[in-house]
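Asker: Here are the chains, one letter per residue:
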Amino acid sequence: MKPAPRFRGRRPVRRPPGLLLALGGLGLALFIVPFVGLLARTPWSDLPRLLSGEVATSALRLSLIASISSTGVALVLGVPLAWLLARVDFPGRALLRALVILPLVLPPVVGGAALLFAVGRRGLLGGPLEQATGLILPFSLGGVILATTFVSMPFLVITVEGALRSMDRRYEDAAATLGAGRWTVLRRVTLPLIAPSLAAGLLLTWARAFGEFGATVTFAGNLQGRTQTLPLAIFVALESDRDTAVAISLLMVVVSLLVLVTLRERWWKAL
Amino acid sequence: MVEGALNAGGLQARIVLQRSETFTLDVDLSIPPGRTAALLGPNGAGKSTAVAALAGLLPIDSGRVALGSGVLDDPREGRFVLPERRRVGVVFQDYFLFPHLSVMKNVCFGPRSRGVDRSASRARAGRWIRSLRLEGLEERRPGDLSGGQAQRVALARALATDPDLLLLDEPLSALDITTRTQLRRTLAEHLDGFRGPRLLITHDPTEAFLLADEIHIIEEGRITQTGSAEDIRLRPRSTYAADLGGTNLLRGTARGGEVDMGTHVLHIADHDLTGPVLLTLRPAAISVHLVHPEGSFRNTWLTRITRVETLGHRARLLTGAPLPLTVEVTREAREELGLVPGSEVWLALKATEIGVQPGISAKEPGRG
Amino acid sequence: MTTSNPRRAERSNAKSRLWLAAGIMAVATTCRAPDREPPPSGEPGQVTGELGGGILVSAAASLTDAFDDLATAFEASHRGVDVVLNLAGSSALREQILDGAPVDVFASADHANMDRVVESGAVSGGPWIFARNRLQIAVPRGNPSGVTGLSDLADSGRLIGLCAAAVPCGDFARRSLAKAGVTAALDTDEPDVRALLTKIELGELDAGITYVTDVLSAEGRVAGIEIPESENVVIDYPIARLAAAPNAEAASAFISFVRSEEGRVILERLGFVAP
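Protein chains in written order, with the numbering used here: chain B, 1 to 271; chain L, 1001 to 1368; chain G, 2001 to 2275.
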């Protein structure tokens, strides 16, 4: 019948229930099978040549620059925004929070279109912007960063806002009674207390920015070396050069895995 | 701005603060320097609100909070000093030690926040760490401390800021009995050594009785009694206060040596008193008889026992109509007399044993 | 089923991407769907009896309006048949077919993509050229940057867009530029011609090269600048019935319709030229 449970330490170690194993295994397969398909289709012998080509290297460079910049912008603008949403009671706060979440719900292409209407050359703000400074955002790296920030910053705001709401504010009270002014409290008490959530938020933001496609192609266009990030390069290559597409896909998977696995360990150890 | 700690006067606070539709805190606290006052009351009485108001975490609606010669909060004059500018040291109930900082950094936090440089802060923190016998723990994180150690760190952290007023919000309630007893002594030492006024918030009467010079009983946002431990024990002015010492408290109307309680009449020694009175009947002063007692008792009546509680060598009997009371006898006596719930007994009480206080307190905390 | 709108909703990158994803995942090792019936050869046969069912027509993006109209007209005279249009870049459509998508009819915007499909043995009827197209420079209404010819596309001060090189529209555009000896100062390679047209219409781009039919279809929202014969390229549109067509009969009927006089009228109205 069932094997007797072994004892390790204090708790008996038993095999997980069969049904759980089966369903969990199926769930696992859902994630693994596509990667297996990708690996099977990879032109291994050609890989070095494909990955060192112009298309792959410039796409990788642009993707890294754009995703890291987006994460940076999200940090600088998102944390204050999260603080306002969590701590200040102002009229229309619920509406503002819904607006912040909107990019998560809308198809990215819609986001890209909205950006065009707002800051495109003929856009509401873009026109005056071009007149005043000569700056044109679409079809530029700046446009890529704007598009990816638009779709990924909500992750940071939501995560940090949640953390600020759920932290015990009496730590901040204690700090105040000890003589800390508001900036000191923020710097030495609040932010360190929400650091794990902040780190998780930054990671999610980067991941989303790294994989962004719809808003980027709609707003910033697609030009190798200037705006063609890895997802765009894959999309274009799929139609003409399957091998390159697969090679670049593999590259994206490897880079993503590297970042997610190493950073997760380091930043979440405190938990 | 408040003056420095050493020549400061005491605390003069009149606090009126509405927390909700149904609860308003309205208290008057006056604590001279070098004295410890306790704010003793049940949960929800408003103790934490008082702490928050004194610390500046909540502004008062009306009244005035002054420490030494400086005013901290005065709505009428439009004065309010931010918590970080007050020199009020607070030890919170759950300590709230910063979990990401070491013990040393926690204790240094106050001085550093006030602009003291790193080495001076460390020196000051080090003195308190030694004073509270926390050597060796400087680099530990709060998560690795025992309850007693954490409490002492919290105290050190508050004292390191050299405050003018020390507030301790239920400082020992998170600890087990043994640690609590040990720490009570440490706390008493350091309270004595502190030159400013100190306010101890607690719901534990033993703590209040042992550590405070003066006790303020707070119920439902009001102070119902102020006095020493003895005062409270012997002359409680509310049911809660009475329960603290385990005394019976009853109300009635006095006239010519008799007090009409509604359901019963008791004879008291004072024949001149007239009007509403509060009577205190010590449980140990009431004797229990199986037959109608003879003797000099002016008060005897028949009643039934509703409950029996044994506490060591004593037994506390709760009796029902006509006068619900707590009566205390020895365990042996209870056994000998065979007293159980339902037993019919005669109670006897000398008129001279009944404590009488004229007047009724502002609100009526009814017996449940 | 009588308006063209449901079909418009189906067209666009979303659907073709879905096909693409499904196709790649399930067919990563290049299995092919088995042939459903023995491949008939030669001309599409006579329509025999009542036609029914649905046909899936994969057509190049630049054929959007044309095939909308053709499908509507065909369904009007063949009530039992439901024409479903799958519109995307010709190369994307080619890949779907090679991956085994169950397509009945393929209409490509160039020979190259159709040839690849033919080479793989996936074609059972055709291919036949059913229309021709030419290139035109598309500019926003009012021509704000004053483009007059292909040489203006070399101006780096203007924002210039082309279709991606892998898409026929992009391929032909580059050939035309080469013919004219112009190196375009390119700012974006749009994945398909509709995306390019939208950006020009919005004024985000100053100029791009699209088909004549695309400029016409924009109904005045986009203006066209002629490209002279010497620099222009003729584009042939081949159409074919696929061997794996689930509904070969209806497929043949549809192709016949497209090549008929009635079909020709519809195409010419939209700016296509008779083959």
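Worth flagging that the hints you see were computed from the coordinates, not collected in a lab. None of the values given here were measured: they were computed from a predicted structure. Heads up, a few of these hints could be off.
[Unchecked claim] Take a look, some chain L residues computed to stay more than 12 Å from chain B by CB distance:
(1) 1084
(2) 1100
(3) 1114
(4) 1120
(5) 1161
[Said to hold, decoys possible] Taking lysine to any residue and the SDA-like style, the derived pairs with C-alpha atoms no more than 25 Å apart in a straight line are:
(6) L:1105 - B:54
(7) L:1105 - B:197
(8) L:1105 - L:1023
(9) L:1105 - B:226
(10) L:1350 - L:1338
(11) L:1105 - L:1074
(12) L:1105 - B:187
(13) L:1105 - B:167
(14) L:1105 - L:1063
Heads up, the beta-carbon is just placed ideally off N, CA and C, and yes, glycines get one too.
Asker: Hint by hint, where does the structure go against what was stated? Just the numbers, ascending.
Answerer: 1, 2, 3, 5, 6, 8, 9, 11 and 14
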